[in-house]
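Sequences are here, hints too, so could you generate the full structure?
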Amino acid sequence: MSDQNPKELNEERRKLLIATGGVSALGAAAFVTPMVASFAPSVKAKAGGAPVEVDIAALKPGEQIVTEWRGKPVWVVRRTEEMTAKLSAHNNDLADPKSEKPYSMPLPEYCNNEFRCRPEHKDVMVMVGVCTHLGCSPEGKFKEGGGGSLPEAWPGGYLCPCHGSTFDLAGRVFKNKPAPQNLDVPPYMFVSDTKIIIGKDEKGEA
Amino acid sequence: MADYNPNTETTGLIGWIDQRFPLTKMFKEHMSEYYAPKNFNFWYIFGVLSMVVLAIQILTGIFLVMNYKPDASLNSAGVPVAFASVEYIMREVSGGKYLRFMHSTGASAFFIVVYLHMFRGLLYGSYRKPRELVWIFGCLIFLALMAEAFMGYLLPWGQMSFWGAQVIVNLFSTIPLIGPDLSVFIRGDFVVGDATLNRFFSFHVIAVPLVLIGLVVAHIIALHEVGSNNPDGVEIKALKDASGKPLDGIPFHPYYSVHDFFGIAVFLFLFFAVVFFWPTGGGYFLEDNNYLQANSMQTPVHIAPVWYFTPFYTMLRAVTDPLRYIFVALALLAGVMAYLRGNMPQKSKIKVLAGAVILALLLLIWKSAFVGFLIMGAAIVVLFFLPWLDKSPVKSMRYRPSWHMGLLICFVINFLILGYLGVKPPSPVGGYVAQVGTLIYFGFFLLMPWWTSVGEFKQPPERVTFKPH
Numbered sequence: 238m239s240d241q242n243p244k245e246l247n248e249e250r251r252k253l254l255i256a257t258g259g260v261s262a263l264g265a266a267a268f269v270t271p272m273v274a275s276f277a278p279s280v281k282a283k284a285g286g287a288p289v290e291v292d293i294a295a296l297k298p299g300e301q302i303v304t305e306w307r308g309k310p311v312w313v314v315r316r317t318e319e320m321t322a323k324l325s326a327h328n329n330d331l332a333d334p335k336s337e338k339p340y341s342m343p344l345p346e347y348c349n350n351e352f353r354c355r356p357e358h359k360d361v362m363v364m365v366g367v368c369t370h371l372g373c374s375p376e377g378k379f380k381e382g383g384g385g386s387l388p389e390a391w392p393g394g395y396l397c398p399c400h401g402s403t404f405d406l407a408g409r410v411f412k413n414k415p416a417p418q419n420l421d422v423p424p425y426m427f428v429s430d431t432k433i434i435i436g437k438d439e440k441g442e443a
Numbered sequence: 282m283a284d285y286n287p288n289t290e291t292t293g294l295i296g297w298i299d300q301r302f303p304l305t306k307m308f309k310e311h312m313s314e315y316y317a318p319k320n321f322n323f324w325y326i327f328g329v330l331s332m333v334v335l336a337i338q339i340l341t342g343i344f345l346v347m348n349y350k351p352d353a354s355l356n357s358a359g360v361p362v363a364f365a366s367v368e369y370i371m372r373e374v375s376g377g378k379y380l381r382f383m384h385s386t387g388a389s390a391f392f393i394v395v396y397l398h399m400f401r402g403l404l405y406g407s408y409r410k411p412r413e414l415v416w417i418f419g420c421l422i423f424l425a426l427m428a429e430a431f432m433g434y435l436l437p438w439g440q441m442s443f444w445g446a447q448v449i450v451n452l453f454s455t456i457p458l459i460g461p462d463l464s465v466f467i468r469g470d471f472v473v474g475d476a477t478l479n480r481f482f483s484f485h486v487i488a489v490p491l492v493l494i495g496l497v498v499a500h501i502i503a504l505h506e507v508g509s510n511n512p513d514g515v516e517i518k519a520l521k522d523a524s525g526k527p528l529d530g531i532p533f534h535p536y537y538s539v540h541d542f543f544g545i546a547v548f549l550f551l552f553f554a555v556v557f558f559w560p561t562g563g564g565y566f567l568e569d570n571n572y573l574q575a576n577s578m579q580t581p582v583h584i585a586p587v588w589y590f591t592p593f594y595t596m597l598r599a600v601t602d603p604l605r606y607i608f609v610a611l612a613l614l615a616g617v618m619a620y621l622r623g624n625m626p627q628k629s630k631i632k633v634l635a636g637a638v639i640l641a642l643l644l645l646i647w648k649s650a651f652v653g654f655l656i657m658g659a660a661i662v663v664l665f666f667l668p669w670l671d672k673s674p675v676k677s678m679r680y681r682p683s684w685h686m687g688l689l690i691c692f693v694i695n696f697l698i699l700g701y702l703g704v705k706p707p708s709p710v711g712g713y714v715a716q717v718g719t720l721i722y723f724g725f726f727l728l729m730p731w732w733t734s735v736g737e738f739k740q741p742p743e744r745v746t747f748k749p750h
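Chains as they are written, first to last, in this note's numbering: chain V, 238 to 443; chain F, 282 to 750.
Mixed in with the good hints there might be a few duds.
Stated by the list, open to error - Keeping only pairs whose Cα atoms sit at most 20 Å apart, straight-line, the calculated DMTMM-like set for lysine to aspartate or glutamate is: (1) V/Lys440 / V/Asp421; (2) F/Lys648 / V/Glu337; (3) V/Lys338 / F/Asp602.
To be verified - Simulated restraints, written as ranges between beta carbons of each label pair: (4) F/Ser375 / V/Asp330: 58 to 66 Å; (5) V/Glu337 / F/Asp462: 20 to 28 Å; (6) F/Tyr606 / V/Gly299: 38 to 46 Å; (7) V/Glu337 / F/His311: 54 to 62 Å; (8) V/Phe268 / F/Phe738: 53 to 61 Å; (9) V/Asn413 / F/Asn576: 24 to 32 Å; (10) V/Ala274 / F/Val498: 45 to 53 Å; (11) F/Ser375 / V/Ser341: 38 to 46 Å; (12) F/Lys410 / V/Ala262: 29 to 37 Å; (13) F/Ser354 / V/Pro398: 27 to 35 Å; (14) F/Met618 / V/Glu318: 54 to 62 Å; (15) F/Leu520 / V/Phe268: 51 to 59 Å; (16) F/Phe308 / V/Ser261: 33 to 41 Å.
Stated by the list, open to error - If you want the ones that stay clear, here's a sample from chain V, every Cβ over 10 Å from chain F, calculated: (17) Lys252; (18) Leu254; (19) Pro271; (20) Glu290; (21) Ala294; (22) Gly299; (23) Ser325; (24) Asn328; (25) Gly372; (26) Asn413.
Source of the hints: derived by calculation from the structure; they are not laboratory data. The structure presented is a predicted model; accordingly, all values stated were derived computationally and were not measured. Even for Gly, the Cβ is constructed at its ideal location relative to N, Cα and C.
Right under this line is the structure:
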């Protein structure tokens, strides 16, 4: 041992050192694995955030059902053809007609169109029913025309009872209202023509 | 024992210890024979004050944990257990109110003294060679402190705790590709919930404080290795007397320990005035909305981070498409300028230009929200590079052109304006001011290699300026 020149490179020692270092690194990685893994949502949390299946067979045009996903109300509306046709007519009255400012989740790419829904089923609108102002749940006011606190030229949509924010039938907020952003659209997909699943799409669960 | 060394100067109990542990040696190295420049001024109190606040935070924290419960589930009265336990500390634990107010005031006080401590560094060039590592350890402390404060703020489980964490964790979801999964990973759930509260609690009470203490030790060891800077920016180790002591140095203990005790006493007067009479700090130290329990179904009217984060938060908010395009243009301009005017080999020039073009392209592709997140991060990361950005031939502002001082004052005012805008709800005018402010902030640092080398510099004296009193 001590008779060797310490400055001289000892190939054998170097190899053993590398091998020891490598094995130690593997051990360290194995040790850290459960710690890192524990950061992912637990089975309980995953169950709480699981996608929700909704049967829309009985949903008639102009009607809405409310379901719950991740502790929030989610609306599923079947819009009439007239309703979807008129969606672009009031773009000038909207704060963010193209949905460029998402609220708490990004707009799914397949909903980035004038109907804010899957283009192959543009009658079915899915959105999170939580007002982007203070989190109240707006009420459906689907009938056209004013009355009450609604403007004369009301195209049909939602009114938030708390502070009067109004949204159209694609969940887009009208200008000069307290709510700053459009309603969230969750990821969703059709499992069949009459069944949709909320919180899951082709890319996997949200 | 063969290595037994009876030749210590000390006797008795201390002597017994010194033969087994370098107690006297360490005391001499860091206190009674640590020579600090004799011309320290007012600005040199904030380092020791931040240690005092750290001690206050650790001590009060230990006792708060004895009654606090990190549990987001609702109790029989429908109140989250965590929120209720803070109320319990406030109302029913003897002295609990003062423990909590010391801890909450300590958080703001920590940032006040650390910001002033950092300003001192900028003023006298304390980050310059050979103190680069002192500065870098300091920046890491600042970073750890921000993490500590952010995670601690979630624990009372009030509305601001909840929504502040919600907004900040959602920032990570703007990262392309991995963002959404990463934010779920950080929260441990799809919304900020019990899992998030518990992991933040663990980080806040053990992980980050351990790192923080380690960094403080490293900061001080590095400082004592190279010696303290001073308002003149003169290296006192350059001139030593026959016994090897710096001519302009005085032992830290007792000369500066006495100064520091006085400073600490004044600080504690102010600190406890706030603790006893103004604990909410006008809604800035403890935000009004945080007296409401966390409610995931109801967003507060206006979510503002605590004041010490707001300058960085404003820069995050300032990045909208127009500012992003300005950054694209600036990246390209910097690349072209480096290519045309840079003083480096042709190969490096091409590399720099290519890097600038790639950066510009990425800035074009990425969404503003993510670029804002990057800008906020860059605002902190740029601090680490300060020792190499400053090319001034002298350290201290005293011997630099007076307009350098003017620029530093502008930078500080700009930082305060950014901070002010961050506590206010977004407004169109404020938005423009924030964008200009963001450009000024980065301009100050990134143009530093240029502006710090321009102007008439005075020759610093050989010895420090000192008037006995």
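A quick look at each hint next to the structure:
no. : hint                            : verdict
1   : V/Lys440 / V/Asp421             : holds (18 Å)
2   : F/Lys648 / V/Glu337             : holds (10 Å)
3   : V/Lys338 / F/Asp602             : holds (12 Å)
4   : F/Ser375 / V/Asp330: 58 to 66 Å : holds (59 Å)
5   : V/Glu337 / F/Asp462: 20 to 28 Å : holds (23 Å)
6   : F/Tyr606 / V/Gly299: 38 to 46 Å : holds (44 Å)
7   : V/Glu337 / F/His311: 54 to 62 Å : holds (57 Å)
8   : V/Phe268 / F/Phe738: 53 to 61 Å : holds (54 Å)
9   : V/Asn413 / F/Asn576: 24 to 32 Å : holds (27 Å)
10  : V/Ala274 / F/Val498: 45 to 53 Å : violated (32 Å)
11  : F/Ser375 / V/Ser341: 38 to 46 Å : holds (42 Å)
12  : F/Lys410 / V/Ala262: 29 to 37 Å : holds (35 Å)
13  : F/Ser354 / V/Pro398: 27 to 35 Å : holds (30 Å)
14  : F/Met618 / V/Glu318: 54 to 62 Å : holds (58 Å)
15  : F/Leu520 / V/Phe268: 51 to 59 Å : holds (52 Å)
16  : F/Phe308 / V/Ser261: 33 to 41 Å : holds (38 Å)
17  : Lys252                          : holds (34 Å)
18  : Leu254                          : holds (27 Å)
19  : Pro271                          : holds (14 Å)
20  : Glu290                          : holds (17 Å)
21  : Ala294                          : holds (28 Å)
22  : Gly299                          : holds (27 Å)
23  : Ser325                          : holds (23 Å)
24  : Asn328                          : holds (19 Å)
25  : Gly372                          : violated (4 Å)
26  : Asn413                          : holds (14 Å)
Violation of the numbered hints given earlier is confined to hints 10, 25; the remaining hints are satisfied by the structure.
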